[in-house]
Amino acid sequence: MRRTGHIYTYLLTIPALLLFGIFFVGPSVYSIYYSLTDWVIGKDSVSFIGLENYRTIFGSDELTHAIYNTFLYAVIVVIGKNVNGLLLALAVNTRMKLKGYFRVIFFLPCVISTIIIGLVFVPVLHPNGILNAFLGNIGLGFLQQGWLVDTKIVMFSIAGVSIWQWSGYHMVIYLAGLQGIPDSYYEAAKIDGATAVQSFFGITFPMLAPAFNINMLLSLIGGLKVFSEPYALTNGGPGNASQVIALEVFSKFGRGQWGLGTALNVTLAIFISAISIPVLYFMRKREVEE
Amino acid sequence: MGYRMKNRLIKAMGIFLAVALMAVGCGQTGNVGTEQGGNEKNGEAEEEKSGENSKEGGGKKDSVTLTVEASQEIVNNIPYAFSEENIEAFEKEYPEIKVELVLNPDAQNTSILQTKLASGQPSDLICYNKVSAENELEVAKNCVDLSVEPFVENIADKEILTAPDGKIYGFAFEVKTGGMGVVYNRDLFEEKGLEVPKTYDEFLDICEKLKGEGITPFYGPFKDVWTFQMWTTSTWGYYAAKFEPDLWERLNANEIGWDEVPAFKESLEKAYNLYKDGYMQSTVLSDDYNSITAAMGSKEYAMTVGSNTTVRDLLNAHPDIKFDMFPYPVYEGEEEYLTISQLDAEFFIPKDAKHIEEAKAFLNFMAKPEQCDRAQNAASFVPNVKGAKEPEFDDFEGRLYEEYNKTGKTVLEMNAYMKVDLNDLWVYFQDMFAGVKTPEEVLISWDAAFEELMKAKGIENF
Chain A
1 MRRTGHIYTY
11 LLTIPALLLF
21 GIFFVGPSVY
31 SIYYSLTDWV
41 IGKDSVSFIG
51 LENYRTIFGS
61 DELTHAIYNT
71 FLYAVIVVIG
81 KNVNGLLLAL
91 AVNTRMKLKG
101 YFRVIFFLPC
111 VISTIIIGLV
121 FVPVLHPNGI
131 LNAFLGNIGL
141 GFLQQGWLVD
151 TKIVMFSIAG
161 VSIWQWSGYH
171 MVIYLAGLQG
181 IPDSYYEAAK
191 IDGATAVQSF
201 FGITFPMLAP
211 AFNINMLLSL
221 IGGLKVFSEP
231 YALTNGGPGN
241 ASQVIALEVF
251 SKFGRGQWGL
261 GTALNVTLAI
271 FISAISIPVL
281 YFMRKREVEE
Chain B
1 MGYRMKNRLI
11 KAMGIFLAVA
21 LMAVGCGQTG
31 NVGTEQGGNE
41 KNGEAEEEKS
51 GENSKEGGGK
61 KDSVTLTVEA
71 SQEIVNNIPY
81 AFSEENIEAF
91 EKEYPEIKVE
101 LVLNPDAQNT
111 SILQTKLASG
121 QPSDLICYNK
131 VSAENELEVA
141 KNCVDLSVEP
151 FVENIADKEI
161 LTAPDGKIYG
171 FAFEVKTGGM
181 GVVYNRDLFE
191 EKGLEVPKTY
201 DEFLDICEKL
211 KGEGITPFYG
221 PFKDVWTFQM
231 WTTSTWGYYA
241 AKFEPDLWER
251 LNANEIGWDE
261 VPAFKESLEK
271 AYNLYKDGYM
281 QSTVLSDDYN
291 SITAAMGSKE
301 YAMTVGSNTT
311 VRDLLNAHPD
321 IKFDMFPYPV
331 YEGEEEYLTI
341 SQLDAEFFIP
351 KDAKHIEEAK
361 AFLNFMAKPE
371 QCDRAQNAAS
381 FVPNVKGAKE
391 PEFDDFEGRL
401 YEEYNKTGKT
411 VLEMNAYMKV
421 DLNDLWVYFQ
431 DMFAGVKTPE
441 EVLISWDAAF
451 EELMKAKGIE
461 NF
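Residue numbers (my numbering), protein chains in the order written: chain A, 1 to 290; chain B, 1 to 462.
Looking at chain B on its own, in the form it has when it is part of the complex:
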């Protein structure tokens, strides 16, 4: 091939490549918001559709896509907040509005939401746990004050939705019920003549008896980093509520270190000793949360960590076995109190949302008794909306509700008071079961990590 020929060929290829690159570039711009994942849904394409009039709510009936953003976990665990029937009913009443769910991976959910809020490009509605939203998403700064919206008048107990500054920034269907505790096979307990333990010694006696019968007393699914923390967020939550009510405030103000609370160490030691003494399976770090269903159904295990959701899932998977839950008996008197998690699945409207009026219309629509009743089809919950029907609970949920929630025998979990991500602490729990750290070292390491995280967040005294 002659030089000139080669040169021409190279030029032709160069031009072809340049054209191809431009075409690819143009193609990508045009596709934003249609082919990409939910995170792109706030793109320009949507803005074009909605137009400037969309914020006025009425006016022109341009088509609007209302984005609702949440983590996969919250959608799975709180199905009534995302009832398809309700969303369809809303779209029927507001034909110009189309609701679109934007799902984030659980591990990245917080940072994705924080990034979108910080960059001024959030979804129209955010669904998040109440106290965590106040701390992690700074709703008072980033979200619309909804205190005077019509839906607030429909709320039965406004206090539940009120932020520390006295304003209401969101809406949630429910009054928080149920909780976390030791999930157990009730049939197995009855078969072996065992009673629900009232003290830690009784708990150990049960473990010893079950072990003697060839049953592993406690199933630890601690391969997932978040599973063991159900033990600590419950037991530490109870301890603080009953013995040191200002403990979280002092920890968050750096007046006391995590390693200076002997009760924390006590709870960790009790859990670790269960493992060390053979009351848990030896493979705790190889078994994840999803394995609970098979393990507890096999009748080789009697108890595990969990919540209402765990019991409900077990009952669905094994309808022939009765499962139930009792509070952790780690500290004195704890058996009488169920730890409840913070109010979850509250909907907030970011100040920078593109369709604030439509988002308000969505909340005003949802906060009506008929929507609340319809949401019960997805899962039972105690409504916080005036005129809504009482739920039809399963046996165990009804009992928990009557025994603990209605009588006020509940305490709030520790996680509700935290201002930073707790993942490091959860990783140290795994270190403990791996034999790398003692319970004391877990607390020392976490105290150092906590200080760094609080400092990075710019919190006073750190």
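Next comes chain A alone, as it looks inside the complex:
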């Protein structure tokens, strides 16, 4: 086979490389530098202050709480979206009637803007809102909560809304994986006398590894980068109860604390890389082994 190393091949990559370099690599490198400075609005000069911003981040109760919330949220949504998505995919992969309609209905929330969903859910989750009224009317009054104002459960409520919105999206990926599994595997298992549960763990689950991996990674990175959901539902409140890293970055930038905001952003990028890269490596290995 002829080598494709013709000069044009490289020349044609230049526009993309330039765009990537100017709009991604450059700012990323700059942001690492600025995270080490006292860059604030209205100050005439920017001075190098070493790791002072990072000390501020890890020495501040509010910011460490935002980091904790971010991880808590990521864990909840990774589990919630994947379990829900997989169950929905299994449900709409059967021979039931109207499965096409159900697929559309489950997928629909993810095409709606998160801000709109926030506007809808704020009154639903109000202490005097529809959810509590519903719980009261069906005799489950003891489950009524201040969903978005109780500092102990607010992150779970926000994660719940996100799981509701995005499960259908993950369902579609699982569904594609499920439909790629040949029926003959199940037929062979049936002949061998395998139960439905044995078929699921012996065939479905291992064969879903690629879909599972991509879903895990997407939900994990999305969870760590979360911004829109808490912004629309609580704006980080009440108080600082539902602050997450991205919201803090937004707030620091909005108030002109650019050095500190950049340091927070770099911290978030490090967290995401430090978690996602090993997870990706581990999962790829598992995929190959399968």
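For the record, the hints were derived by calculation from the structure and aren't laboratory data.
Be aware that a few hints might be false.
Selected chain B positions facing chain A (in silico; Cβ < 10 Å) [as the list claims (entries may be wrong)]:
#1 110
#2 117
#3 137
#4 222
#5 284
#6 421
#7 423
#8 434
#9 436
#10 445
#11 458
Away from chain B, derived, C-beta distances all over 12 Å, residues of chain A [unchecked claim]:
#12 51
#13 87
#14 100
#15 136
#16 200
#17 201
#18 206
#19 278
The beta-carbon is built from N, C-alpha and C at its ideal position, and this holds for glycine as well.
Take the given structure of chain A and dock chain B to it, following the hints.
Structure of chain B alone, referenced to chain A:
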């Protein structure tokens, strides 16, 4: 598909993409200042229109777009400063000048203005609160000294517009009146035979009586982070003015901490106890400022936090109910003084503005009695322009004006003395109502945050 064919196809697609990218790039450059939001309005397109002669004001009659930048909140709350009739009259007198309003989101307004000033690309006029502008926008450094402009001669009380350095950097229509306090349903008070409280004990008695009648005494719309601060900026403002006049100076010089002022804690505790003792609704952190209209109109609530604007909005929404306002009775003697906010909606001209002469012409035009009178159509205010008509106040505004403003029984709110953003403090107030922080912890946390903010701003002693 053969290799050669595939290669050609890839090349063709590459060329198409490159051309498309270039076309998109060119298209974006051409559209700056026309399709983008107000923040782009200082772009090159405008510069081309105005030309170099624009700063000379006279000369060639090139078309000039005069940009006036403000927050959404200030435009809503001070409608007379942005009277459309006045702007139309100005454009009629100066047909070569077109006025364009640039609106910023409230939360980002300060940083957008600061960024534009720092980068040398501000709008031609900035509308901002006076004392905050002196502290946050550093008008003495960034704005044009207007002390000798013709409009200054039309000003009735120049002192109101004078900056600490003795110069005048801006123009505002009004003499600050009205204020902040407890907004209440006067009909409900009369119906229940209640008098406006003079002391905190009387206030609690009223709360107890209303609660006994099945009415929630105080409506707390504290979902919005800025609403509860109306309580503190008023009560703390009064306390400092009457008992420790140098308190703000000492706090700003780091001579005393916020947690070392027992009166601050007292005010917070009194507010929190209202909530804890059931005198406020249990959903204070779920209800926002906009819900006040429905809540107070329902007659299920008797009082709330607010200002003149709140009362006016309530009267407009419920013309059949009488609403009014009284000062917070938190500290001794406070019932006699209304807290007023700093002078708001003052217009400044940045030194780096592209159309300084046109901006001066705008201010000289506005500071005339006829414009002042016309602005009264948008909302009533007490003018600071010689020869302008006295306003026609509503009942409640007239009473407040006669009772407090005219007699000098007003104190300036705390926020007017602050040099840094107070958002952290307001968030801690929410923490208090959420039960996460005690009033004392609120002050300790704020003291630490305040120190960081002052240090970041490079203020001495921090």
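Here is what the structure says about each hint:
no., hint, verdict
1, 110, "8 Å, holds"
2, 117, "8 Å, holds"
3, 137, "8 Å, holds"
4, 222, "8 Å, holds"
5, 284, "8 Å, holds"
6, 421, "5 Å, holds"
7, 423, "7 Å, holds"
8, 434, "4 Å, holds"
9, 436, "6 Å, holds"
10, 445, "8 Å, holds"
11, 458, "6 Å, holds"
12, 51, "16 Å, holds"
13, 87, "32 Å, holds"
14, 100, "35 Å, holds"
15, 136, "15 Å, holds"
16, 200, "42 Å, holds"
17, 201, "43 Å, holds"
18, 206, "36 Å, holds"
19, 278, "35 Å, holds"
The structure is consistent with each of the numbered hints, conforming to all of them.
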